[in-house]
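> Chain by chain, the residues run as shown.
2 protein chains.
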Amino acid sequence: MSLTPSKLAMVPFVSVENMMKLVHHIGIENFLRDMAAEIEADFLRWELFDKTPRIGSHSDVGVIELMPTSDGELYGFKYVNGHPKNMKEGLQTVTAFGLLAEVYSGYPVLLSEMTVLTALRTAGMSAVATKHLANKDSDTMAMIGNGAQSEFQCLAMKAVCGITNIRLYDIDPAATDKCAANLAGLGLNITKCKTPEEAIEGAHVITTATADKDMQTILTDNMVGAGVHINAIGGDCPGKTELHRDIVSRSTVFVEYPPQTRIEGEIQQMDPDHPVVELWQVMSGTAKGRQSAGEVTLFDGVGFAIEDFSALRYVHNKIKGTPFYDDLDFVADPDDPRDLFGMLQRAKG
Amino acid sequence: MSLTPSKLAMVPFVSVENMMKLVHHIGIENFLRDMAAEIEADFLRWELFDKTPRIGSHSDVGVIELMPTSDGELYGFKYVNGHPKNMKEGLQTVTAFGLLAEVYSGYPVLLSEMTVLTALRTAGMSAVATKHLANKDSDTMAMIGNGAQSEFQCLAMKAVCGITNIRLYDIDPAATDKCAANLAGLGLNITKCKTPEEAIEGAHVITTATADKDMQTILTDNMVGAGVHINAIGGDCPGKTELHRDIVSRSTVFVEYPPQTRIEGEIQQMDPDHPVVELWQVMSGTAKGRQSAGEVTLFDGVGFAIEDFSALRYVHNKIKGTPFYDDLDFVADPDDPRDLFGMLQRAKG
Numbered sequence: 038m039s040l041t042p043s044k045l046a047m048v049p050f051v052s053v054e055n056m057m058k059l060v061h062h063i064g065i066e067n068f069l070r071d072m073a074a075e076i077e078a079d080f081l082r083w084e085l086f087d088k089t090p091r092i093g094s095h096s097d098v099g100v101i102e103l104m105p106t107s108d109g110e111l112y113g114f115k116y117v118n119g120h121p122k123n124m125k126e127g128l129q130t131v132t133a134f135g136l137l138a139e140v141y142s143g144y145p146v147l148l149s150e151m152t153v154l155t156a157l158r159t160a161g162m163s164a165v166a167t168k169h170l171a172n173k174d175s176d177t178m179a180m181i182g183n184g185a186q187s188e189f190q191c192l193a194m195k196a197v198c199g200i201t202n203i204r205l206y207d208i209d210p211a212a213t214d215k216c217a218a219n220l221a222g223l224g225l226n227i228t229k230c231k232t233p234e235e236a237i238e239g240a241h242v243i244t245t246a247t248a249d250k251d252m253q254t255i256l257t258d259n260m261v262g263a264g265v266h267i268n269a270i271g272g273d274c275p276g277k278t279e280l281h282r283d284i285v286s287r288s289t290v291f292v293e294y295p296p297q298t299r300i301e302g303e304i305q306q307m308d309p310d311h312p313v314v315e316l317w318q319v320m321s322g323t324a325k326g327r328q329s330a331g332e333v334t335l336f337d338g339v340g341f342a343i344e345d346f347s348a349l350r351y352v353h354n355k356i357k358g359t360p361f362y363d364d365l366d367f368v369a370d371p372d373d374p375r376d377l378f379g380m381l382q383r384a385k386g
Numbered sequence: 038m039s040l041t042p043s044k045l046a047m048v049p050f051v052s053v054e055n056m057m058k059l060v061h062h063i064g065i066e067n068f069l070r071d072m073a074a075e076i077e078a079d080f081l082r083w084e085l086f087d088k089t090p091r092i093g094s095h096s097d098v099g100v101i102e103l104m105p106t107s108d109g110e111l112y113g114f115k116y117v118n119g120h121p122k123n124m125k126e127g128l129q130t131v132t133a134f135g136l137l138a139e140v141y142s143g144y145p146v147l148l149s150e151m152t153v154l155t156a157l158r159t160a161g162m163s164a165v166a167t168k169h170l171a172n173k174d175s176d177t178m179a180m181i182g183n184g185a186q187s188e189f190q191c192l193a194m195k196a197v198c199g200i201t202n203i204r205l206y207d208i209d210p211a212a213t214d215k216c217a218a219n220l221a222g223l224g225l226n227i228t229k230c231k232t233p234e235e236a237i238e239g240a241h242v243i244t245t246a247t248a249d250k251d252m253q254t255i256l257t258d259n260m261v262g263a264g265v266h267i268n269a270i271g272g273d274c275p276g277k278t279e280l281h282r283d284i285v286s287r288s289t290v291f292v293e294y295p296p297q298t299r300i301e302g303e304i305q306q307m308d309p310d311h312p313v314v315e316l317w318q319v320m321s322g323t324a325k326g327r328q329s330a331g332e333v334t335l336f337d338g339v340g341f342a343i344e345d346f347s348a349l350r351y352v353h354n355k356i357k358g359t360p361f362y363d364d365l366d367f368v369a370d371p372d373d374p375r376d377l378f379g380m381l382q383r384a385k386g
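Keeping their order, the protein sequence lines are chains A and B.
In this text, residue positions in the first sequence follow this note's numbering: the first is 38, and each later residue adds one.
In this text, residue positions in the second sequence follow this note's numbering: the first is 38, and each later residue adds one.
Rather than coming from a laboratory, the hints here were simulated on the basis of the structure.
Any given hint might turn out to be false.
Each pair may be met inside one copy or between any two copies, as identical chains are not told apart.
In silico DSS-like cross-links for lysine-lysine, where the CA-CA straight-line distance does not exceed 30 angstroms [claimed, not checked]:
| no. | residue 1 | residue 2 |
| --- | --- | --- |
| 1 | Lys355 | Lys44 |
| 2 | Lys125 | Lys44 |
| 3 | Lys355 | Lys385 |
| 4 | Lys44 | Lys58 |
| 5 | Lys385 | Lys125 |
| 6 | Lys355 | Lys325 |
| 7 | Lys357 | Lys88 |
None of these values were measured; they are calculated from a predicted model.
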């Protein structure tokens, strides 16, 4: 009678350290490009996923959420918190981990950190939206909010959309300096800007990733010119928006999953039946994307479970044959499945 | 600049092996008794918990569920699958793991296997219900269904309720033999029975823990005598019950969380407004429990998130100062929380 855990009992675990090693092993731009392709592939089979808005547990200072989905073969979920006050205390605003399991048996097949991975997939998602919605000759992006997410956004836009000019703005110039320093030498032309107005000058794409939990109006209507594509990704919970409602009114709004976005996105400011277009339908050709060069398109991104599923699936495939994971003794797997108690008793030694 | 993960980045992880060691370190009956006390303590502060029915993802062969809750200070959730067909394939019907996090920061503080722990907490919960609902002189229990959960149920009844006579029955005599062998020498008088009728002869308490996903009628009405307390814990998903509805009709039904039990429990056979009593109210004295010695009481147990929270909280307290956990590099925690990208770049080495 072996006391060694069986193969099924062991679940591959990707730690933060191993995730970072995996990213560098693949190359960060390759990683962003490949993962964006996985997200696109999953958006093209959108209808077969089991979809539900995330399940949040709210407190005065933040939220903890579970985001499950399934494609019928694999089940995935992410645990993620959002605590805007954390940054001032030296902690991450967002931390996350996720799991993939086999639907047929219910047994987990991957446990992974997702703090780093979420930053990558969120950037990949914005890049996918921009690829499908921005004018084709776009090469300049204003990055409003230069916090933890900003460098990932800029690199994903380069890797997926060919955007090479980045105009940075943050209310805290130190954040802009940090972002610019991190992006130095990575093939982007960086301009540090002192006002949001300066940042969006000449920008074809505007991406906002700000974290304060308030109804913010970082951009006002007269700032946004014709033909711009906006990614508003920082407003992702009830009570948190980034754009003035006049901008939203003037834009064609594209979303991931309407029942979730109406609660969490920029469109929480609008009527409950404010018209939106589902991004997966644009990708699959069943709805129209941008219809004219002068149109303002808005990706009201809040992050949906399917994107995390794509990211986990990608990592699950990529770690095979690498040293970038550890096996965790995670599932009790007695020789006789009815004999859990016997397994426990034999462990007494 | 240190590349070593900070203290906050590390999350204690209790593997299956360490959970088994912890149980033996504490002693299995002590563990069951202490955890039952933790469940009682949490049921007494029931109203302050954030409650939601579990979120299930159903397939043809099983279900994968997430069960979150929070008491405002700690947040906990369990991942659990239920795949009745697994046993025939040499796998566990139920596997599980869980997590505790600090509500204030959203940072995880414990990751734990819960396959073994769920077996223990489920037994603890039945024992708590039995303690509050069975006649006081009860010393004999019929254990119907002698699978993975059965030995835990029997030992918890001994530890919490002083039940010392166990009458075993399973449709598969090999399961009964396994259960009896496992319980030998643990201070219980065991009787192996060939029929359910024989098993319930003289039993003050009847506990059913069968796993087939069908509308079963393991017990029929004429089998159940006056004054018996029944724990029906095997029927815990839609389409799965264990008792004939005439028994349910004749019993006073006690439940954990009505919105979940009406979907998953024995009462799914009954009208949607079939009267039930919430067990936490019996414990807190705001509802009546057993009202006469001849009454049939039924605990329609399906397992609720608060019980898992109690179990995780107990384990979290008990591992302190022991070697029965490993630190996992689970949360990305850069020195400057806005500098996740910089942390990633520095890991390039």
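> Are the hints correct? Go through all of them and say.
Status of each hint after checking the structure:
no., hint, result
1, Lys355 to Lys44, "both (20 angstroms within a copy, 29 angstroms between copies)"
2, Lys125 to Lys44, "between (44 angstroms within a copy, 18 angstroms between copies)"
3, Lys355 to Lys385, "between (38 angstroms within a copy, 18 angstroms between copies)"
4, Lys44 to Lys58, "both (25 angstroms within a copy, 20 angstroms between copies)"
5, Lys385 to Lys125, "between (47 angstroms within a copy, 27 angstroms between copies)"
6, Lys355 to Lys325, "neither (34 angstroms within a copy, 58 angstroms between copies)"
7, Lys357 to Lys88, "within (28 angstroms within a copy, 39 angstroms between copies)"
Of the numbered hints given earlier, the model fails hint 6 alone.
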